[in-house]
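**Q** Chains as they are written, first to last, in the numbering used here: chain A, 1 to 601; chain B, 602 to 1388.
Simulated from the structure, these hints should not be mistaken for lab results. Backbone N, C-alpha and C fix where the C-beta goes; we use that ideal spot for every residue, glycine too. Any given hint could be a false lead.
Claimed, not checked - Some chain B residues flagged as far from chain A (calculated, every beta-carbon gap over 10 Å): (1) 782; (2) 837; (3) 1002; (4) 1033; (5) 1069; (6) 1141; (7) 1146; (8) 1165; (9) 1266; (10) 1370; (11) 1377; (12) 1380.
What the hints assert, rightly or not - From the structure, some residues in chain A lie toward chain B, with a derived Cβ separation under 10 Å: (13) 464; (14) 471; (15) 477; (16) 481; (17) 482; (18) 484; (19) 511.
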Amino acid sequence: MTAYRAPLEDIRFVLSEIVALERLAALPGLEDATADVIVQVLEEAARLAETVLAPLNASGDREGCRLTDGRVTMPAGFREAYARYAAGGWAGVAADPAHGGGGLPALVNQMVDELIISANIAFSTVPGLSHGAYHAIDLYGSAAQKALYLPKLASGIWTGTMCLTEPQCGTDLGLVRTRAVPAADGSYHLTGNKVWITAAEHDLAENIVHLVLARLPDAPAGTRGISLFVAAKHLPEADRAGGWRPGARNAITCTGLEHKMGLAASPTCALAFEGATAWLVGEPHRGMRAMFAMMNQARLMVGMQGLGLAEMAWQAARAFAGERRQGRLPGQPESDGPQPIIVHGDVRRMLATIRAQVEGTRALALWVGQHVDIALRHPDPAARAAADDLVALMTPIVKAHLTDIGQEAADLAIQVHGGSGYVREMGVEQYLRDIRIARIYEGTNGIQALDLVGRKMPDGMGRRLRRLFHPMAAFVEETRPLAADDPALAAILEPFATWLARAQGISLHLGQAAFADPIAATTGAHDYLKLLGILATGWMWARMALAAHRRLAAGEQNPMLAAKLASARFYMTHILPGIGPHATAILAGPDSVPEVGSLTA
Amino acid sequence: MTAAAPAGAPARAAVLGAGTMGAQLAAHIANAGVPVLLLDRVPDGAPAGDPAARSALATRALAALERADPPAFMHRRARRLVEAGNLEDDLARLADCDWVVEAVVEDPAVKAALFDRLAGVLKPDAVLTSNTSTLPRALLAKTLPAALQPRFAITHFFNPPRYMRLVELVADGEGDAGPVGALADFLDRGLGKTVVRAKDSPGFIANRIGAFWIQTAINEAVDRSIGVAAADAVLSRPFGIPKTGVFGLVDLVGLDIMPAVARALSATLPADDPFQAIARPQPLITRLIADGYTGRKGKGGFYRLNRTGGQRVKEAVDLATGTYAPAGKPRLEDIAGARDAAGLLAGDAPAARYAAAVMTATLAYAAAVAPAIADDVAAVDEAMVAGYNWRHGPFRLIDRIGAGRLAEYLTAAGAAVPPLLTRAAEAGGFYHRAADGAATCLSAAGRPAPVVRRAGTLALDDVRRAGAPLFRNGSAALWDIGDGVTLVEFTAKMNTLDADVFACLREAIRITGDGYRALVIGNEAENFCVGASIGFGLFAANLAAWDRLDAAIRDGQDTFRALATAPFPVVGAPSGLALGGGLEVLMHCDHVQAHSETYAGLVEVGVGIIPAWGGATRLLLRQLAQTRRPGGPMPAIAEAFTTIALAKVAKSAAEARDLGYFRAEDTITMNRDRLLADAKARARALADGYRPPPPPDPVALPGRTGAVALGLQVDAFARLGQATPHDVVVAGELATVLTGGDCDWTEPVDEQHLLDLERAAFGRLVRTEATLARMEHMLATGKPLRN
C-alpha cells in the first residue's frame, strides 16, 4: 500500500503560476493571507493528512460504521483523528474570524480539502458538509442563528448536514414531503423521513446541525414551496457563560445506515423527524435559494473529491510501476533481468494520462477557487459579478469533469497494477469504489451538464461563457508570437489555439440549437460539459507549460519544470483531441440519440 | 416628399371644427400635401376687428397639434399647409375648397345649421362630408339642398386619423362615379386609409360591433367577478385582438367616451337590437369618471400606474369595490387553462367561460347585424381589422372556430342563431376559395360574393398561394411577384438580419440576375426590419469568436455592396421600423419606396457599436454629396456624426429624408396596402435601360485632426452629463471612421477604405465589456443601457 504524500510542490507551482496568490492577498480582509502563511498552513494540513488520516483509510474501509440503538459508531481511530482535526482549526480555516474561523481564503479551504480527501475520503465527508451548513446559515440565517451555530461549526465542535433527499425525492426536489408546522413559540415541528444523509449521525462531535428542506402548511406545490430549517440533534441550551451547549435530544432518529459500494467509513443515514423542533432559515418558501448556496459549494468540493482520489491513484500507480518488474524492452539482454514496468510504452501512457489529468485539473480547480474569493471580496462590483459568473459557469464543470477524471484515474491505477490492483490488500480498488458515488451525488453529472447547457450557457446570451472564453482567446493572441519563435512552445500552444477555435464553433452551433429548442439541446449537454472541461484544462496546461518554459530559460534547475513541459505536450496530443468525439456528437444533433420508443422496443 | 399630393387630390380642403379629431384630421390632410383651412367658431365676446382673437380656437388647436404625441404631422412642411381661421370671417374661403369635412359637435341641429350656411358658399363640384360617428347620413342629408345631396357623404375617421387605418364611407350610390368616388380614391391613396363602404346605419360598422363587444365584456366581467387583467388576457391574444383587450382599450379611448357612444347608439338603434338589452350604465365607470379616472388621458382608468415609493407598479381596479391593486401579469394557462380560442371555448375555468360568453355573443351579434351594416362580411372584417386592429375580423374568426361549432355553442347556451350564421354553417364557413384561387365570402344576403383585391395592391398572400418561393431559408424568402420582378421577404422574428438573410439576398442577386429584371426588398410585417439579430452577435462575442464576427460584418458589407452594384435595379419598400442594419440595407438600394409611416434610424450606438454594414459610410458620402451646404466637408462630416452618435430616429419617411437616411428622389406611399405594388412599379420603371451606379468617387477627409475636433464636441456633452463614459468611447470610434482614420485632406480615400474602418471600429467596440453589457441589456429589456 502506498503512503500518501501531499503534492505540495505541485500545489505551490499552481499557486505561483496560475492563481497568483498576491492578487488574493490584495483583497479586503485577506491582507494576512500571504503566500508564506498559506504554504505554512498547507504544510500543517499535509502533516495531518499524511500521518493521522491516511493511516485510517484502509482500516476504516474494512471496519465501516455501525448503527446500534440509533447511535452510529465510527471506525476505530476516527474519533481521535476528528479531535485532532477540530483542534487544529481545520473545520473553520476559511470561516469568519468573528465566528472563530481562520479568516483565510476559501481557496485555502479547497486546497486543504484536497489533501484530506486524498488521505481519507470517507473521513472528509463528515466535516465536509459542515462548510455548506455554515455557508447557508451565514447567508440566510438570522443574527441569533449565526451567533448560535456559526462558532460551533467553525470550531468543529458541532458538525453539519444537508437533509434534502427523501425516499420519493432525489434529483427532483419539488417532491419534498417533510412537513413543518409552526409552533406557538416561533419554532416549527418537522415530520418526515430523509434518506441518504451523509454524517447525519456519528460519534465524532457532541452535536449535529441539520439543515432540512421541508414544506410549510400553506406552501405551493413544487420547488416554489420549499423552505429551509435548522434542527440540531441536541436542542441547543444556553450555558452559564453565555454560550450554547447540547441540551435535550431532539426528535430526530437515525433509523438505518446504507450498505454501499464504497465510502464504508462515511455514515449514510436514514433519518426520521418525528415532530422535531426546528427553526426557519431565511424566508418562507425560499428554501431552494439557500439550498443552492450550500449545493454550489458542495459541488466544488465533490469536484475536489475527484481530484483527491485521482492524485492518490497517481501516487499508487507511479510507485507500483517503478517497483514491479516484468519483461524487457526489445533488444535488452536477458542478463538485465526483468525491468520495472514503467519502461513499457503503454504503462508510460497510462501514467502520463493520470498525471496530466491530475495536475491539469488541479490548476483548473484552484483557478476557479480563487474566483470564489474574488466574488466574495473584491471591492469593485463589476469584478465581483464577473468572478461570480465564472464560478457559476465552472461549478458544474469542476464537479462533473473532475469526478469523471477521479474515476478514470482510479481505474487506470488498477490497470497499471494488473491483477494486484483487483485484490483488496493492495488498497487500489478502494479508490474506485470510493469515488464512484461522486459522479452521482450533489447533482448527477448529467444534471451538471443540464445546468451548464440549460442555465449557465444561455444566461445573458452567453455572458458567463465570456469569463472563460475571453481570457482563453486573449491568451492565444498574446502567445502567438512566442509560438512563432519557438517550435517546442508551438507544439503546445498551437494545438490549444486550434481546439479553442473548434470549440468556439461548436459552442456557436450548440448555442443556436439551444436557443431554438432548449429541450432538444439537452442531448448534447454531456458532450458540451466534457468539451469545456477538456478545453479549460488544456488552457491550464498551456499556461503551465509557458511558465515552466520561462523558468527553465531563466536557468532554474528543477526536474518538475521539464516534467510539466512533457505533460503539457502529452495533454495536447493525447487528451485535448478528445474534444473531437464530443464535437462530433454535438454536431450530430438531438435526432442522433434514439427516441424512447426505439429504446424500449 | 410629403408635399406631393397625388393626382385627383383636392387642390384645397377645409376642416370645420377644431376639436381633437378635426385638428388631427387637418394635420393628416396636410400630410398628404393638400393645403387645409381649419375653422372653428368665433369665441364669445371676441371683438370684430381682432382676427387673432376670432380665430383663437383653431389657432390654439394647431398649436396643440405641434405638441401631439404621437406626432400628428409627418413633417414641418405639412404644418405650414394648415391655416387657422373662423367660421364667420373665413367662411367665404370655402369656395376655393374641393373637399370640406365637418367635424363639429355630434348634435344634428348644430350640424344642420352649419350646413345651411355652407350651401351658398361651396363651389358646385365640391364634396361635403361629415365625420360623425353615430348620426345616420340620411338624417344629416335631409336639410341639404338637392344639388349637394349626391356630393354629401359620411367619412368616419378613427382617432388619431394619421395612425388609424379605417375610414368608413357612407355615400348615396349616385355620387360614386363622380366626386365621392374621387374622394374615396384620395382617402385611399392620398391619406393612406382603408376605405370601407358602410350602409347608413347607426354606428356604421366597426363601432357597432366594437361597442357591443366592449359593453358585453364589461357587463360580463362585473357579473362574473372576473378581474380586469384576467379579462384582458383572455380577450386579446387568443382571439388575435391587441393586448390591450377591452379594459386597456377603453383606458386608451377614454372612459367618458364609452357612455356617450352607448347613449347615441341606444337612441338610434331599433328597440329590438340586442345592444339595447346590454346597454346599461355601470356605476363604477360613472364613479371613475367623476373621480378623474377617465383613462390614459386622465389619472388612469381601469388601470393606473402607481408611482409611490419610486417604483412604477401597474395596478388594476377591482370591479366590485373600486379599489386598486397590483395588476400582475396573469398567465393564460393559470387563469383559463388554455392559450387559444378553441381551448377557451371548451374550457371550464371561470376566465375561459367568461371569454367564451363575451366572444360568442359578439360574433353572433356581428352575424346578426352584418346584413344591415355592410354589403358583405368581408367589409365587416376589414373594418374591424383596420378600426380595432383585430388580426382577423369577426367572420374570419368564426371560420377559424367553425361556424357550425359556434352555432352549436349558441344553441346549447339558449341563444338565437342568426340566419347568416346558419347559412355559413351550411356552407362550411363564410369564406371560400375556388379551385382557380378566386376567393368568395358571404354577402349580406347570404350568397357568395367575390372578395376583390383593390387595384394597385399586391398581397404576398396571393403570391404565396400562387407558387413556391424561388428560394427560402429560416430568415428570408425570395418570391417571383410577376412582370419580371422578384421580392425578398424577411421572415425572422421581428425581421432581424442574420446570416440566413444575407444568404437569401445573395441568392436573390444571383437568381434575379439570371432571368429577372428587378428586385424589391419588402414585406408585410409591422416592421420592415429592426436590425441585426444581436443575440447571435452577443453570443459570438461572449465566446470571443472574433473571426466569426468579423466575417459577419464582412458578409453584410459585401452583400449590401452587391445589392448596390447589381446589374438590375433594387427597390427597398420599408414600413414601420427600419433600424440599424434594416436601414443600411435600404441605403444600398437604387431607390426607396417608403410607406409614409416608416421610422428609420441608425441606432447602433444604443448597443455600443457603430453602423458597420456600410451605413456610416453611405451616410457620410450622402452628406458630403450635399453640395448646397457651405463651409467645406467638415460640416457634412459633423452632420453624419451627430445623426449616428445621437441615434436619431426619423418619425416619418419624410423626416428620414431630412436626416439623409433616404434621398430626395426616394418616394412615399401613403397607403400601406399599396406599398409593395408601388415599389414593384418603380422597380419595373427603373429596369428599362438600367445601368448600375458607378462606385462612389474617393472623398477627401481630414483624418485624425478631424476626429479630434469631433471629440471636443463629445467631451462637451460628457461634461454636461449628456454623454456617458461609453458614449464617449463609441463616439470616438465613430469619429475615427467618419474622418477617414489615418489619412489627411491630400489623399482621398475610397469606399473600401471606409468600410475597413467601420469593420475595425466594430471589432474594437465589441471587445469591450461596456458594449457587451449594452447588448445584453437591450436583449433583456428592449431598452438601451446608459453606461
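**Q** Now tell me if each hint is right for this structure.
**A** Hints versus structure:
1. The non-interface label for residue 782 of chain B is consistent with chain A: the shortest C-beta to C-beta separation is roughly 51 Å, beyond 10 Å.
2. The beta carbon of residue 837 of chain B sits about 27 Å from the closest Cβ of chain A, which is more than 10 Å, so the claim that it is off the interface holds.
3. In this structure residue 1002 of chain B is separated from chain A by more than 10 Å, as the shortest Cβ-Cβ distance comes to about 30 Å.
4. For residue 1033 of chain B, the requirement that its beta carbon stay farther than 10 Å from each beta carbon of chain A is met, with the minimum near 37 Å.
5. Chain A leaves residue 1069 of chain B outside its interface by the beta-carbon criterion, the shortest separation being 24 Å against a cut-off of 10 Å.
6. With a minimum CB-CB distance of about 6 Å to chain A, residue 1141 of chain B fails to clear the 10 Å threshold, and the non-interface call is violated.
7. The beta carbon of residue 1146 of chain B is not kept farther than 10 Å from every beta carbon of chain A, the shortest such distance being approximately 4 Å.
8. Remark: the non-interface label on residue 1165 of chain B is consistent with the geometry, its nearest Cβ contact in chain A lying 29 Å away (cut-off 10 Å).
9. No beta-carbon of chain A is positioned within 10 Å of the beta-carbon of residue 1266 of chain B; the least distance is around 40 Å.
10. Distance check on residue 1370 of chain B: its Cβ comes as close as 7 Å (rounded) to a Cβ of chain A, failing to clear the 10 Å threshold; non-interface status is violated.
11. Some Cβ of chain A comes within 10 Å of the Cβ of residue 1377 of chain B; the nearest lies about 5 Å off, and the non-interface call is violated.
12. With a least CB separation of 6 Å from chain A, residue 1380 of chain B falls inside the 10 Å interface cut-off, contrary to its annotation.
13. At a threshold of 10 Å, the smallest CB-CB gap from residue 464 of chain A to chain B is about 8 Å, leaving the interface hint in force.
14. The beta carbon of residue 471 of chain A is positioned within 10 Å of a beta carbon in chain B (closest approach about 9 Å), and the interface hint is therefore held.
15. Because the smallest distance between the Cβ of residue 477 of chain A and any Cβ of chain B comes to about 9 Å, under 10 Å, the interface hint for this residue holds.
16. Among the interface hints, the one on residue 481 of chain A is violated; its C-beta lies about 17 Å from the nearest C-beta in chain B, farther than the 10 Å criterion.
17. A least Cβ separation of about 19 Å between residue 482 of chain A and chain B goes past the 10 Å threshold, and the interface hint is therefore violated.
18. Interface hint status for residue 484 of chain A: violated, as the beta-carbon distance to the closest one in chain B is roughly 18 Å, over 10 Å.
19. Proximity of residue 511 of chain A to chain B holds as hinted, the smallest CB-CB distance being about 5 Å (cut-off 10 Å).
Violated hints, listed in ascending order, are 6, 7, 10, 11, 12, 16, 17 and 18; each of the other numbered hints is respected by the structure.
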